[in-house]
Each structure stands twice: as structure tokens, then as C-alpha cells.
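Student: Use the sequences and the hints to build the structure in full.
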Amino acid sequence: MFILLTYDVNVVSENGAKRLRKVAKVCESYGVRVQNSVFELCVDSAQLVMIKRRLSQTIDEKSDSIRLYILGKKGADKIEVLGKDVAINQEGTLIL
Numbered sequence: 111m112f113i114l115l116t117y118d119v120n121v122v123s124e125n126g127a128k129r130l131r132k133v134a135k136v137c138e139s140y141g142v143r144v145q146n147s148v149f150e151l152c153v154d155s156a157q158l159v160m161i162k163r164r165l166s167q168t169i170d171e172k173s174d175s176i177r178l179y180i181l182g183k184k185g186a187d188k189i190e191v192l193g194k195d196v197a198i199n200q201e202g203t204l205i206l
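Residue numbers are given in the numbering used here: position 62 of the sequence shown equals residue 172, and the series is strictly consecutive.
Keep in mind the hints are simulated off the structure, nothing from the lab.
Source: prediction; values computed, not measured.
Warning: the hint list may mix true and false statements.
Capping the alpha-carbon separation at 30 Å, the derived lysine-lysine pairs in DSS-like fashion look like this [stated by the list, open to error]:
{"hint": "1", "residue 1": "Lys172", "residue 2": "Lys128"}
{"hint": "2", "residue 1": "Lys188", "residue 2": "Lys135"}
{"hint": "3", "residue 1": "Lys128", "residue 2": "Lys184"}
{"hint": "4", "residue 1": "Lys194", "residue 2": "Lys162"}
{"hint": "5", "residue 1": "Lys183", "residue 2": "Lys194"}
{"hint": "6", "residue 1": "Lys188", "residue 2": "Lys172"}
{"hint": "7", "residue 1": "Lys194", "residue 2": "Lys132"}
{"hint": "8", "residue 1": "Lys172", "residue 2": "Lys135"}
{"hint": "9", "residue 1": "Lys194", "residue 2": "Lys128"}
{"hint": "10", "residue 1": "Lys162", "residue 2": "Lys188"}
{"hint": "11", "residue 1": "Lys172", "residue 2": "Lys184"}
{"hint": "12", "residue 1": "Lys172", "residue 2": "Lys194"}
{"hint": "13", "residue 1": "Lys162", "residue 2": "Lys184"}
{"hint": "14", "residue 1": "Lys184", "residue 2": "Lys135"}
{"hint": "15", "residue 1": "Lys135", "residue 2": "Lys162"}
{"hint": "16", "residue 1": "Lys128", "residue 2": "Lys188"}
{"hint": "17", "residue 1": "Lys194", "residue 2": "Lys135"}
{"hint": "18", "residue 1": "Lys162", "residue 2": "Lys128"}
{"hint": "19", "residue 1": "Lys172", "residue 2": "Lys132"}
{"hint": "20", "residue 1": "Lys162", "residue 2": "Lys132"}
Taking CB as the label site, the calculated pair distances span [said to hold, decoys possible]:
{"hint": "21", "residue 1": "Val196", "residue 2": "Lys128", "range": "21 to 27 Å"}
{"hint": "22", "residue 1": "Lys184", "residue 2": "Gly126", "range": "18 to 24 Å"}
{"hint": "23", "residue 1": "Asp118", "residue 2": "Ile180", "range": "17 to 23 Å"}
{"hint": "24", "residue 1": "Ser139", "residue 2": "Glu171", "range": "16 to 22 Å"}
{"hint": "25", "residue 1": "Lys183", "residue 2": "Asn125", "range": "34 to 40 Å"}
From the three backbone atoms N, C-alpha and C, an ideal C-beta is built for every residue, glycine too.
Tutor: Following this line, the structure appears as C-alpha cells:
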């Protein structure tokens with residue numbers, strides 16, 4: 111399934127910068143950064159469960175926010191990009 115993931119980590123709070131780096135690393139493990147704090151993911155349901163668990167363990171739920179927009183299997187076909195494009199591998203394994 112195709113997912114757009116966005117996050118906002120409060121870097122002013124204690125350990126905020128460290129949490130920000132950890133959230134980015136988790137996201138980079140499963141998808142492609144298309145903008146600051148925005149990732150496109152192409153994952154199966156088991157991977158989605160893992161991502162959510164890892165991110166929940168990383169963030170401070172009182173000051174940080176993560177949003178997952180689940181766009182389905184054909185969601186990537188409906189994307190329009192103005193300017194520089196970053197391609198995501200929609201078939202098979204993502205290799206970085």
C-alpha cells in the first residue's frame with residue numbers, strides 16, 4: 111500500500127533533536143524523503159504495523175505528531191509533482 115507520512119517533532123523540548131533524527135531514520139528504512147519531514151512509503155500491512163510501533167516508541171506523544179495518509183495500492187498513480195520529483199519503487203523491495 112502507498113502511504114504519505116508526515117511528522118512534526120518538537121526540537122525545543124528535551125531530546126527533541128535526537129528524536130527528530132530517530133524518526134527520520136525509521137522513515138528512511140521504509141520509504142523515500144520527498145520533502146523535509148515528508149516521506150512516501152510503499153509497504154505491506156506487516157511493515158505498516160512495524161513502522162507505527164517503532165515511531166510510537168520514538169516520539170514524545172505530548173509534543174510530537176506523526177500523520178499517516180493511507181492512499182492504497184493505486185495512490186501513487188494519482189500524484190502530481192510540480193518541480194523536482196523523487197521516484198519511489200512501488201514494486202518489490204526498496205533499496206537505499
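Student: Evaluate each hint against the coordinates.
Tutor: Quick rundown of the hints versus the structure:
1. Lys172 <-> Lys128: holds (16 Å)
2. Lys188 <-> Lys135: The given pair, whose Cα atoms are some 27 Å apart, holds under the 30 Å limit.
3. Lys128 <-> Lys184: Not OK: Lys128 and Lys184 at ~35 Å, beyond 30 Å, violated.
4. Lys194 <-> Lys162: holds (29 Å)
5. Lys183 <-> Lys194: holds (23 Å)
6. Lys188 <-> Lys172: Outside the cut-off at roughly 34 Å; violated.
7. Lys194 <-> Lys132: Holds. Lys194 to Lys132 sits at ~26 Å (cutoff 30 Å).
8. Lys172 <-> Lys135: Holds: Lys172 and Lys135 sit about 21 Å apart, inside 30 Å.
9. Lys194 <-> Lys128: holds (29 Å)
10. Lys162 <-> Lys188: Holds - the C-alpha atoms of Lys188 and Lys162 are around 24 Å apart, at most 30 Å.
11. Lys172 <-> Lys184: violated (34 Å)
12. Lys172 <-> Lys194: violated (34 Å)
13. Lys162 <-> Lys184: Distance ~21 Å between Lys162 and Lys184 Cα, so the pair holds.
14. Lys184 <-> Lys135: holds (26 Å)
15. Lys135 <-> Lys162: Between Lys135 and Lys162 the Cα gap is close to 13 Å, so the pair holds against 30 Å.
16. Lys128 <-> Lys188: violated (34 Å)
17. Lys194 <-> Lys135: holds (22 Å)
18. Lys162 <-> Lys128: Judged against 30 Å, a Cα distance of about 18 Å means the pair holds.
19. Lys172 <-> Lys132: holds (17 Å)
20. Lys162 <-> Lys132: holds (13 Å)
21. Val196 <-> Lys128: 21 to 27 Å: At roughly 26 Å between Cβ atoms, Lys128 and Val196 fall inside 21 to 27 Å, so the hint holds.
22. Lys184 <-> Gly126: 18 to 24 Å: violated (37 Å)
23. Asp118 <-> Ile180: 17 to 23 Å: holds (19 Å)
24. Ser139 <-> Glu171: 16 to 22 Å: holds (21 Å)
25. Lys183 <-> Asn125: 34 to 40 Å: holds (37 Å)
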